[in-house]
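Just so you know, the protein sequences line up as chains L and D, in that order.
Each residue of the first sequence is one higher than the one before, counting from 39 in my numbering.
Each residue of the second sequence is one higher than the one before, counting from 39 in my numbering.
Accuracy of the hints is not assured; some may be wrong.
Ranges between beta-carbon positions, derived for each pair [stated by the list, open to error]: (1) 285/D with 267/L: 47 to 57 angstroms; (2) 395/L with 414/D: 33 to 43 angstroms; (3) 302/D with 559/L: 41 to 51 angstroms; (4) 124/L with 89/D: 42 to 52 angstroms; (5) 261/D with 90/L: 49 to 59 angstroms; (6) 372/L with 612/D: 24 to 34 angstroms; (7) 476/L with 302/D: 47 to 57 angstroms; (8) 369/D with 136/L: 27 to 37 angstroms; (9) 476/L with 372/D: 22 to 32 angstroms; (10) 372/D with 632/L: 38 to 48 angstroms.
Rather than coming from a laboratory, the hints here were simulated on the basis of the structure.
Keep in mind that this is a model prediction, so the values were computed, not measured.
From the three backbone atoms N, C-alpha and C, an ideal C-beta is built for every residue, glycine too.
Each chain is listed here by its residues.
Protein chains: 2
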Amino acid sequence: MKVDMILSNGIVVTMDKRLEVFPRGAVVIKDGQIVAVGPATDLSGRYEAEQAIDCVGQVVMPGLINAHTHVPMSLLRGLADDLRLDVWLYGYMLPVEREFVNEESCYYATLLSCAEMIRSGVTCFADMYYFEEEVARAAQEVGLRAVCAETVMKLPTPDAASYDESLEYCQRFIAGWKGHELIVPAVGPHSPYTCTPEILREMARLAQEYDVPLLIHLSETEGDVEGTRQLYGCAPAFCLDDFGVLDSKTLAVHGVHLTEEEMELLVQKSVGVAHCPTSNLKLASGVAPVARMLDLGLKVGIGTDGPASNNDQDMFEEMRLAALLAKGTTRDPKAVPARIALTMATIGGARALHLDHITGSIEVGKQADLTVVDVDVLHITPKFDLSVDNIYSRLVYATKSADVRHVLVNGRLLMKDRELLTVNVDTITAEVQRIADRVNVFLMRREESLLDKLVAIGGLEWKETFEVQVKGSVEDEAVVMEGLIHPDISAVWSPSVRDQYDAYLLFADASQGCIRHREDNVVREEGGVPESIRTLTLTGSGSEQEFDNSVLLSRSRFTSKADRTLRFYCEYFEPDSVKEVHKHRQRWHIRYKGVQFAVNLDRLTKPAHEGAFLEIKSRTWSKKDAEQKALLIGELLDVFSVDRESLLKRDYVDF
Amino acid sequence: MKVDMILSNGIVVTMDKRLEVFPRGAVVIKDGQIVAVGPATDLSGRYEAEQAIDCVGQVVMPGLINAHTHVPMSLLRGLADDLRLDVWLYGYMLPVEREFVNEESCYYATLLSCAEMIRSGVTCFADMYYFEEEVARAAQEVGLRAVCAETVMKLPTPDAASYDESLEYCQRFIAGWKGHELIVPAVGPHSPYTCTPEILREMARLAQEYDVPLLIHLSETEGDVEGTRQLYGCAPAFCLDDFGVLDSKTLAVHGVHLTEEEMELLVQKSVGVAHCPTSNLKLASGVAPVARMLDLGLKVGIGTDGPASNNDQDMFEEMRLAALLAKGTTRDPKAVPARIALTMATIGGARALHLDHITGSIEVGKQADLTVVDVDVLHITPKFDLSVDNIYSRLVYATKSADVRHVLVNGRLLMKDRELLTVNVDTITAEVQRIADRVNVFLMRREESLLDKLVAIGGLEWKETFEVQVKGSVEDEAVVMEGLIHPDISAVWSPSVRDQYDAYLLFADASQGCIRHREDNVVREEGGVPESIRTLTLTGSGSEQEFDNSVLLSRSRFTSKADRTLRFYCEYFEPDSVKEVHKHRQRWHIRYKGVQFAVNLDRLTKPAHEGAFLEIKSRTWSKKDAEQKALLIGELLDVFSVDRESLLKRDYVDF
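Could you build all of it, start to finish, from the sequences and the hints given here?
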């Protein structure tokens, strides 16, 4: 029989269901598929191969599967390490991503990551990032198999000012790539706590409509879990289940802090898990209970996570660490033996990604995704043959990524004798370095930025980007009370009363935005003791869109607790001027036609002002949502009988 | 000025006290020493070098220091992994070491480890093993710097049937190598719980007499700590201090379970610590509190531990893991930043080994122990220059051992362009594989051994090797009571009373030894409830030496709890015959002239026997000690007025 290729005389480690190993085996490939596997002596005479590769002294194994990464983040490798999460994220990752993540950088950085992964024996990876179109394009050009998930979240991303755009991009991307022989497009809701219920439901719907995988970060840190609980009132996995997210071909990434009940739910829903031990250690998230996951029958793969939090994409090191860490943390030296670690890094990853019908093991009928590794080398000497576990031990505990010799995907050689055949390393590294040099200059220059200084203080939180607001002059409280009995106002929370002492730190360079220091003395219940809350808010310069009845502001907002004095902040930020605004505020939270608004009745004491202002306000992560709210605000002005002539669309600081 | 070598144009990472980095630096070497370091432009014109190496695109750094290993154990790499400690140790390591560890295997396996370490950038290692003479010889031939500690413990070792011989070997070894330019001989008491107070005191004395380092395992597992507490009644570090062990140039290895007070003691005593993260994880010992150690000012280095429990000697992976693990386990992403990890792997290791006046940093006057690493490579792309930490991040989080290009020790090139210059890899790997093949056959064959089967049941413990014993016929208890009032008997514990039901499982092949199943019904206090203790004891075949008054037996003894029925053990071990011995025993523990003995008054009921036997017995790890005890037993026979004519030097089973 004529075939395309035969790999002979290597130790063939199949990772099939019986974990068969052929000490001197052969793998036969035709049209990208494995057509035979067995002892070399049985097979060699039966096939006439276009290309024959002698693998003596080598192991032929299924290509490694990197079950979670963000490949374009190789651009940011080594940019900033060993930092607190907020400093790392808000101080480095997000500002650089905002500025430098685009089609071009994603394409080149993906090529760089692909080259790195091929050299370390990876044949398939699962990605979550932005401009996923470029990730798919680069992976396809290089010839790697990839699950590419466009990331969607409530925060603005480099490829979408609001999540509405992300969702559209995602749908377009999936429609375009569905059915490709190498690329599996997927949906990537970022995580429960960075999405809204609408995003989660919409992504679940999309995954089912197109029958594509859904990748999502789950329970990475204790903070995530707490944040999700606060938002949705239940454990993260259960909240995902509520939104239908577990009914797709779902992969949950990290799972460091999953409870026993959550793990059982994931088993029941056939959800895969990507274990990322290096990243979980490096970002100090903790250690995932992998041994327990495996005991419960979860489908667990191994991922490197993005190169900004690892900082490499070396699956040999990653599976070694998975095997070691499980033992050390459970205090059981038998936990995650080498055989299981290699399973996770190959067929386990394929199962977790719902791709085990295509790849992950050397079996007739599967695609020929193979890695050939030198094992007759100094640092893997000597060899023992006491049990079948000896070969797994050599591969997991002693083999290095530099020992990978050949890599094939779909039967096509991507690396032969360590030479990359589908990618020009010099060109790629030069391109990525060119972009990185610009990042370098950018970060050097922005040392004086306000955000950077705010980040340095710590405890930062990113707030909703879009704000709709309007103010109108009113006589007194009576207008509010009358308005509140309107039939379309379905819920009213009892109002709070507060004195707000704001100091705005203003800068000559308005593009930097401004910082507000607020002392908020709130009385939450009638007769209650005032509670003093002090916050810092950095409001970026933004765009505005004026409607008949209101104004829609689009601008970044970061807040943090102000635990130092105003004097300190003035000295620290060195504003060009400071403007004070004092007011007495009554605040109601209302729901009008199902949408929540804040209604404030304000009396300005500094600068002093006659009469009162009724302010109607709402914030959201979605531009589309904001536009709809602007229309509703128009109706609310009528509800509260506000004179249109008296409308003010400015902030008090701009008075 | 004429010099031997100049390395130019690389990024010189000095690891000196100011952590100076020269982005385009040079290092100048003459007579094995560093004579200048600084910017390349400053230095290049001033020196005329025999050999000039251009290091553009590379980092020139101090050679890595492997602060703890057992280099000859590369022979056992991958032999047995993912096992319970007792199975790993008693089932594989100890039997193979007993059989195969000799001068030849230690020499070749050391060469193998040295080759592996040079290729991963190591210039100095600290070893603890047997036949340390061979380790030193091999290291010296290859040209690596090494601290070589002959291991001494109470258990028999491959190079000593008892610890007396070990001590002699150790002293001879130190005297022979003291003052060598590369090899620092050292003493290596294995650990507090595997030594006796005499060994610990003697080793401390030796280290001070010769002014050499003392290396010792400390608090590796919770079991070690507990064992030490039971033996000495205090925490391991404090017990070492009691025996004077901390007053030398001491290195404590592991320190996984050190208390705060112990760490403070080590700081005060200027003791170094070798942190072995991979080994501690792999053997499920736990995670050492490294961040805390560093906070307290401990001198911490990093070690790979032996290749049988790692399974490589790759210091790049080891320092990466040290950095990662500290963060994940303390939940602090700033713990052990890259800079500190590299410090531990270089100058920190030198400090821990008390060698920082010679090596560990690139400073004028130190020996030229250098490693040159390629950093302009795919998987370390891109590079950023935001802070000095970027270069540490690249070296710790992204550099692989395969990126090491040149290695120099004492100014001599051991590797150039990845080619090993002082060792023939093919010869070594062939020699080690030849020995390993014999190990393979040995282990395949011994599947039927009793010890192996006992090991498989679990819970094994190795007991004292030497036993001195004698029995004499006596009338009754009165003779004991009279004897006990002798002035040289200084302490007598109240006797226990017991009925012992022994079943001896005997085998036609006597070389296998025999197994005793004992049901021991003990009454510890008069009128107390009998306590039933069931044990299995495997006694190996051994040699015996007859004295006038007693017999000295030298044979291996392993015990474990017998938690199954005698029926099970008979079916499991399939003995050729079973012999039962039942007796009633009164036991006193006495101290005679300061030495402890057991005195038993036995009445045999099966096989039934008239009268009683007085048995005097003692066990020890030292042959010399046993010989002295044999003499004392002679005296005790007089004390207890035992008729010399009635003496029996056999076990009851041999009646």
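Structure-based check of all given hints:
Checking the proposed 47 to 57 angstroms range against residue 285/D and residue 267/L shows it holds: the Cβ atoms sit about 55 angstroms from each other. For the hinted restraint 33 to 43 angstroms between residue 395/L and residue 414/D, the CB-CB distance of approximately 42 angstroms keeps it satisfied. The given range of 41 to 51 angstroms is respected by residue 302/D and residue 559/L, whose C-beta atoms sit roughly 48 angstroms from each other. In this structure the supplied range 42 to 52 angstroms holds for residue 124/L paired with residue 89/D, their Cβ-Cβ distance being about 50 angstroms.
A beta carbon spacing of about 54 angstroms between residue 261/D and residue 90/L agrees with the range 49 to 59 angstroms that was offered as a hint. Between residue 372/L and residue 612/D the CB atoms are about 27 angstroms apart, so this pair conforms to the stated range of 24 to 34 angstroms. For the pair residue 476/L and residue 302/D, the beta carbons lie near 50 angstroms from each other, so the given range of 47 to 57 angstroms is met. For the pair residue 369/D and residue 136/L, the beta carbons lie near 28 angstroms from each other, so the given range of 27 to 37 angstroms is met.
With their beta carbons about 28 angstroms apart, residue 476/L and residue 372/D fall inside the hinted range of 22 to 32 angstroms. Distance hint check: the CB atoms of residue 372/D and residue 632/L are about 45 angstroms apart, consistent with the given range 38 to 48 angstroms.
Hint compliance for this structure: no hint is broken.
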